[in-house]
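Trainee: Listed below, chain by chain, are the residues.
Protein chains: 2
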Amino acid sequence: MSAPPPERPRVTPPDPGWRRVRLTVAYDGTDFRGFADQPGVPTVGGALVDAIRRASGVEIELACAGRTDAGVHGWGQVVSFDLPAGQCEAPDLARLATSITRLCAPAVAVRDIRVAPDDFDARHSAQWRSYRYSVLASPVPDPFRVRTTWHVPVPLDLRAMTLACDPLIGEHDFSSFCRAATRADGTPAPLVRRVIDARWVALDDDVLQFRITASSFCHQMVRAVVGTLVDVGRGRRRAGEMTGILAARDRHAAGQLAPPTGLCLWEVGYP
Amino acid sequence: MSAPPPERPRVTPPDPGWRRVRLTVAYDGTDFRGFADQPGVPTVGGALVDAIRRASGVEIELACAGRTDAGVHGWGQVVSFDLPAGQCEAPDLARLATSITRLCAPAVAVRDIRVAPDDFDARHSAQWRSYRYSVLASPVPDPFRVRTTWHVPVPLDLRAMTLACDPLIGEHDFSSFCRAATRADGTPAPLVRRVIDARWVALDDDVLQFRITASSFCHQMVRAVVGTLVDVGRGRRRAGEMTGILAARDRHAAGQLAPPTGLCLWEVGYP
Numbered sequence: 105m106s107a108p109p110p111e112r113p114r115v116t117p118p119d120p121g122w123r124r125v126r127l128t129v130a131y132d133g134t135d136f137r138g139f140a141d142q143p144g145v146p147t148v149g150g151a152l153v154d155a156i157r158r159a160s161g162v163e164i165e166l167a168c169a170g171r172t173d174a175g176v177h178g179w180g181q182v183v184s185f186d187l188p189a190g191q192c193e194a195p196d197l198a199r200l201a202t203s204i205t206r207l208c209a210p211a212v213a214v215r216d217i218r219v220a221p222d223d224f225d226a227r228h229s230a231q232w233r234s235y236r237y238s239v240l241a242s243p244v245p246d247p248f249r250v251r252t253t254w255h256v257p258v259p260l261d262l263r264a265m266t267l268a269c270d271p272l273i274g275e276h277d278f279s280s281f282c283r284a285a286t287r288a289d290g291t292p293a294p295l296v297r298r299v300i301d302a303r304w305v306a307l308d309d310d311v312l313q314f315r316i317t318a319s320s321f322c323h324q325m326v327r328a329v330v331g332t333l334v335d336v337g338r339g340r341r342r343a344g345e346m347t348g349i350l351a352a353r354d355r356h357a358a359g360q361l362a363p364p365t366g367l368c369l370w371e372v373g374y375p
Numbered sequence: 105m106s107a108p109p110p111e112r113p114r115v116t117p118p119d120p121g122w123r124r125v126r127l128t129v130a131y132d133g134t135d136f137r138g139f140a141d142q143p144g145v146p147t148v149g150g151a152l153v154d155a156i157r158r159a160s161g162v163e164i165e166l167a168c169a170g171r172t173d174a175g176v177h178g179w180g181q182v183v184s185f186d187l188p189a190g191q192c193e194a195p196d197l198a199r200l201a202t203s204i205t206r207l208c209a210p211a212v213a214v215r216d217i218r219v220a221p222d223d224f225d226a227r228h229s230a231q232w233r234s235y236r237y238s239v240l241a242s243p244v245p246d247p248f249r250v251r252t253t254w255h256v257p258v259p260l261d262l263r264a265m266t267l268a269c270d271p272l273i274g275e276h277d278f279s280s281f282c283r284a285a286t287r288a289d290g291t292p293a294p295l296v297r298r299v300i301d302a303r304w305v306a307l308d309d310d311v312l313q314f315r316i317t318a319s320s321f322c323h324q325m326v327r328a329v330v331g332t333l334v335d336v337g338r339g340r341r342r343a344g345e346m347t348g349i350l351a352a353r354d355r356h357a358a359g360q361l362a363p364p365t366g367l368c369l370w371e372v373g374y375p
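Same order as they appear, the protein sequences are chains A and B.
Going by the working numbering, the first sequence opens with residue 105, and the numbers climb by one from there.
Going by the working numbering, the second sequence opens with residue 105, and the numbers climb by one from there.
Hints listed in this document are in silico derivations from the structure and should not be mistaken for laboratory results.
Don't take each hint at face value.
As the list claims (entries may be wrong) - Example chain B residues on the side facing chain A (calculated, C-beta under 10 Å, incomplete): (1) A130; (2) V214; (3) P243; (4) V244; (5) I300.
What the hints assert, rightly or not - Under 8 Å between C-beta atoms, here's a sample of chain B residues computed to sit facing chain A: (6) D135; (7) W370; (8) G373.
A virtual CB, placed ideally from N, CA and C, is assigned to each residue, including glycine.
Excised from the complex, chain A in its bound form (with noise of 0.2 Å):
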């Protein structure tokens, strides 16, 4: 199997005298209907162009690195947008950060901001991306973890789990863990993904935390992929049959999707 040539998208510069700015923002996804900026419902990228334009007086449009869906959380996203050159020196970008820290307070705060290359795109540059999954194995619920894990409430045999990631690592056709899409013409739109490390971490506190990087991830696939492996992680199959179901290209042999809330885009790779 070979992987669809990569895509090479021309990335349209600023207009003269324009500079690309690059935002790197954390927020807690509970609260909004995911990042995709829509009409009438709170998003992450709503709240981000939004508290950009009364800050700075300008109508941006937003690139970001991962479209997170409702409930997921980031910690590492990236976005690009252009502002005129004369609001781009260091202490107007450090002020424009705090401004939309504060406008978009508290859910979602600025961690990082600088001017990027002209041809600089939050999605089209980025080489990797990596999302984190924390799972609360615990037989009581923990209140201070229930807005960013999934509490399963029974063991889970992390070798197991640890095992069953093994077959992900590498480039596949994912369409066993992703909701299939279509292109603009119509045509299915390539599920082949190249998975660079997937691991589990065991974190303090019962928290099992699933590690994946990837030079990209189709819709759904990290949650479908946790679902999947907490099943082998509470017995209900074997780690052996992680090649089998990758193998099917069919989303029924894949199980559950786990729930958003352990779900958080860690961190992306730029060159």
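Assemble the complex: chain A is given as a structure, and chain B must be docked to it using the hints.
Mentor: Chain B in isolation, oriented as in the chain A frame:
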């Protein structure tokens, strides 16, 4: 200075055929108006009494180790109450704990349930209480720590704050750090308390945590102490001033009250 003789209240034992039950509960205090049951407002105690009534059919009276204020959290809060002996077998209690957690979800969870000796009382039997107060010392706020930390956006001098803890340890009149209180007969309640340990711990991710253990605490004591120590950390006061602030026995001598968000009743010690 000598402390008043230790309180030795007579604990009323359960009625014949009843047993005393001890519960350890965790709660996110953000959406509660404190612990103490007050008609018509959401309180942690009210939620527990209500859930126990619905789950057991019994109308109970609740004793608790620490009546936390509005917005203050609990991890190891302990409460006690009486149930008919016929509802106190181990499987009955396990089911009761699960029911209470389900009825109070997601903000309150029962971490432990057990039968206690007849002379046990969550408040009067306690030998010490530990509180933890978390400060996020970072230029940027963190959406995931909004509910559980005080965000102080300037660097704090951990060494100075640590030095300033030392005078707190031992038996002192804490009038400078507490709201004045009166007894039932109108005389002022004594504000002498014995602090067993007080220290700062640097956690990862810019969180500084104040940990204090005492025989008991007077009202708003931890928050007033933290407000004063953070004044030291940001250079508004010197560590050497703490001894004089304590000796003043005047609430105006100490600093501002730290917000409730950062405070958590961590653990309670019994014989």
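Trainee: Please list, smallest to largest, the hint numbers that this structure does not respect.
Mentor: Hints 5, 6, 7, 8 are the ones this structure does not satisfy, whereas the remaining hints hold.
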